[in-house]
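Chemist: Sequences listed follow chains X and V, in order.
384 is the number that our numbering gives the last residue of the first sequence; the numbers go up by one with no jumps.
384 is the number that our numbering gives the last residue of the second sequence; the numbers go up by one with no jumps.
These aren't lab readings, by the way, just hints derived from the structure by calculation.
It is possible that some hints are incorrect.
Restraint ranges, calculated between C-beta atoms of paired labels, are given here [claimed, not checked]: (1) Gly323(V) <-> Phe321(X): 22 to 28 Å; (2) Ser306(V) <-> Lys376(X): 32 to 38 Å; (3) Pro229(V) <-> Val160(X): 24 to 30 Å.
Below, simulated SDA-like cross-link-like pairs (lysine to any residue); rule was C-alpha separation at most 25 Å, straight line [to be verified]: (4) Lys376(X) <-> Leu318(V); (5) Lys286(X) <-> Lys353(V); (6) Lys63(V) <-> Ala88(V); (7) Lys376(V) <-> Glu379(X); (8) Lys353(V) <-> Arg149(V); (9) Lys353(V) <-> Asn76(V); (10) Lys156(X) <-> Glu184(X); (11) Lys156(X) <-> Lys156(V); (12) Lys376(V) <-> Arg350(X); (13) Lys353(X) <-> Ile378(V).
Source: prediction; values computed, not measured.
Ideal Cβ placement from N, Cα and C applies to all residues, glycine included.
Number of protein chains: 2
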Amino acid sequence: MAHASQTSPVGILGGGQLAMMLGEAAQRLNMPTSILERNSASPAHAAHFPVTIGDWRNPSDLKTWLASLSIVTFENEFVDTGALREAAHSNLQFFPSLDAIDLIQDKLYQKEFLKNAGLPVPRFRSVSTMADCEACADDWGWPLVLKERRMGYDGKGTFVLRGPDALDGFWSHYHAGRDLMAEEFIPFATELAIQVARGKDGSVAHFPVVETFQSNSICLWAKCPALIPRNDATAIKQMASTVINQLNAVGVFAVELFYTASGEIFINELAPRVHNSGHYTIEGCKTSQFEQHIRAVSGLALGETSLTYPGVAMLNILGEFDGQCDIQSPSSLANGHAALHWYHKQDSRRGRKLGHITAWGDTANAALATAIEARKEIELCPKK
Amino acid sequence: MAHASQTSPVGILGGGQLAMMLGEAAQRLNMPTSILERNSASPAHAAHFPVTIGDWRNPSDLKTWLASLSIVTFENEFVDTGALREAAHSNLQFFPSLDAIDLIQDKLYQKEFLKNAGLPVPRFRSVSTMADCEACADDWGWPLVLKERRMGYDGKGTFVLRGPDALDGFWSHYHAGRDLMAEEFIPFATELAIQVARGKDGSVAHFPVVETFQSNSICLWAKCPALIPRNDATAIKQMASTVINQLNAVGVFAVELFYTASGEIFINELAPRVHNSGHYTIEGCKTSQFEQHIRAVSGLALGETSLTYPGVAMLNILGEFDGQCDIQSPSSLANGHAALHWYHKQDSRRGRKLGHITAWGDTANAALATAIEARKEIELCPKK
Chain X
1 MAHASQTSPV GILGGGQLAM MLGEAAQRLN MPTSILERNS ASPAHAAHFP
51 VTIGDWRNPS DLKTWLASLS IVTFENEFVD TGALREAAHS NLQFFPSLDA
101 IDLIQDKLYQ KEFLKNAGLP VPRFRSVSTM ADCEACADDW GWPLVLKERR
151 MGYDGKGTFV LRGPDALDGF WSHYHAGRDL MAEEFIPFAT ELAIQVARGK
201 DGSVAHFPVV ETFQSNSICL WAKCPALIPR NDATAIKQMA STVINQLNAV
251 GVFAVELFYT ASGEIFINEL APRVHNSGHY TIEGCKTSQF EQHIRAVSGL
301 ALGETSLTYP GVAMLNILGE FDGQCDIQSP SSLANGHAAL HWYHKQDSRR
351 GRKLGHITAW GDTANAALAT AIEARKEIEL CPKK
Chain V
1 MAHASQTSPV GILGGGQLAM MLGEAAQRLN MPTSILERNS ASPAHAAHFP
51 VTIGDWRNPS DLKTWLASLS IVTFENEFVD TGALREAAHS NLQFFPSLDA
101 IDLIQDKLYQ KEFLKNAGLP VPRFRSVSTM ADCEACADDW GWPLVLKERR
151 MGYDGKGTFV LRGPDALDGF WSHYHAGRDL MAEEFIPFAT ELAIQVARGK
201 DGSVAHFPVV ETFQSNSICL WAKCPALIPR NDATAIKQMA STVINQLNAV
251 GVFAVELFYT ASGEIFINEL APRVHNSGHY TIEGCKTSQF EQHIRAVSGL
301 ALGETSLTYP GVAMLNILGE FDGQCDIQSP SSLANGHAAL HWYHKQDSRR
351 GRKLGHITAW GDTANAALAT AIEARKEIEL CPKK
């Protein structure tokens, strides 16, 4: 394991589970972190990482926090880049850059970037009137996908309209004051993702292509390797390289993709950060996405990314009720073939990601089966 | 819907959920059934189909039951064909034939048949000593798969031995008195299945290729269509045709297959009957496997087998505790996008198949996600 000593900690904007797992990776590398988070009871705080309580949107809070930092990274792309620019001192570097965050946080700009880079994306258009949407449906057919350009995640802000009536209803009840874009609907057979890292020296390392499974746009599980032809996996790695090189980014990015029954590949969206689809890498790859990100932003050499088992799977643990939630779990899951990551969320509700299980085996499917069995050994219960 | 009137009912050997669903299909075709089952409280009985209580292995019980029948079919291939031959009268036809049952019920004969038919199967050999097994492992490498030749289902009687120590342990504790065969281990990426029907006129109809997901050899779900290249689906249909034509069989068969990451296909095993992997066809195909089987054995034209929705999934409902089990379920599952089939088993235990859910959607994955959501709406509880 490489070690490094930093003069100043790595700043992480946001204190959720991604920050917590970044903190865990940094700690193993002997790399201090400093986290800014609004809520006093965050996963990063519960895991005993140093958390500064403050509002990301408030330049004065930001300024105080940033004063002792020289490197800042993100667990969340929905930050206020204007406030960050205002608060930043001259020795501060953001990874990825605020320009990259600006581009990615607007789904329209993001898609334009991808298209201009020659990457395959669903057809899309900016829309501002119902007539614009109708024109899209005339050209591409129904269903029509409408997306809020900013702030959407886990399917929030994405609407699949099945026909003119749905568009009518959407337009009269929903659209006011929102910047929207339209996309053609891709009848994908499955969703794929890849994590890609770029170091300060421009070196690029890909994780394997992972298959993700969503219900109501929430990821239920991911399994790796994805069962796709080798050529398609190679093509996806090339796409990920193009993305991260063209953005001149440093750190780990996730590229989420659609894969159709006939083997067509479309990039769905980018995350300029570690991502749920890469949680399997903690036990599943020789270097995790979290360690890789810390390595990248702090100028260490990128780590080896191959799988540690022939098959790995990650199963999200989702809230089953509203109200603070605790967990009862045996000390060893699935006879030692699975590992638990619990996020210690203060605030839990039905469907919210509260933790995840990683499992491993001879194949991705065997690992998923083990993860499903391990999940049965864990009980969620109201916190006393 | 075609109708038919039979002078005598279709005899079904076995009264489990497969017989129950065959009975439901026959009823809709106005085709009476007569079921022979040992247990007085079977799924077929609970569903109010006429059940004769008797022992399949007892020629006298069989003779009484068979007297009024001219057609007999099976929900289970582990029947005593000797007793059936002894009890059969001259006007009785078995579909499939008792010769086909004999062949399939012995996994070694089944594999020899498949190999001789030019179909791709894992390498296999009859073994009767530990030295035989060691020779197989020398030739094929570890792990080595040992199978009891007869009576195995849901992984029972199948042993994956990881190395010489495991073989040693197996041999000293387990092998006595069992007829075994050895198979090379195929590191399959996923399992596939296909239902194929053959009519009395020799016509053949294939259902789509379905992808199945097993945990501890128990099917958790199946989803259709399988995400495999079109050429591979065509090859699998041809294999299924070869199987059913060479056996000159009448009725529905299931062919279970292994599919590797590099797209290799191996036949794992045959079921000479309707099969769990085809339950999705009840709502998911224009004709279900159950109706198709009744059509075939009673000489009706085979029905159309295409999907009724772009994607369909079946999720097994497995017992969560030992002891008689009841179900609490809303009247409509997943807002009407899923259907429940409950088997009314008297005897339930952890892991036993108690029912299944079918769900449908734009894709197989969307249907599976819906089935998983629907499963949460159903609660299993001890029977009062």
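Chemist: Each hint needs a verdict: does it hold in this structure or not?
Modeler: Consistency of the hints with the structure:
| no. | hint | in the structure |
| --- | --- | --- |
| 1 | Gly323(V) <-> Phe321(X): 22 to 28 Å | holds (26 Å) |
| 2 | Ser306(V) <-> Lys376(X): 32 to 38 Å | holds (36 Å) |
| 3 | Pro229(V) <-> Val160(X): 24 to 30 Å | holds (27 Å) |
| 4 | Lys376(X) <-> Leu318(V) | holds (13 Å) |
| 5 | Lys286(X) <-> Lys353(V) | violated (39 Å) |
| 6 | Lys63(V) <-> Ala88(V) | holds (7 Å) |
| 7 | Lys376(V) <-> Glu379(X) | holds (15 Å) |
| 8 | Lys353(V) <-> Arg149(V) | holds (24 Å) |
| 9 | Lys353(V) <-> Asn76(V) | holds (15 Å) |
| 10 | Lys156(X) <-> Glu184(X) | holds (18 Å) |
| 11 | Lys156(X) <-> Lys156(V) | violated (45 Å) |
| 12 | Lys376(V) <-> Arg350(X) | holds (12 Å) |
| 13 | Lys353(X) <-> Ile378(V) | holds (22 Å) |
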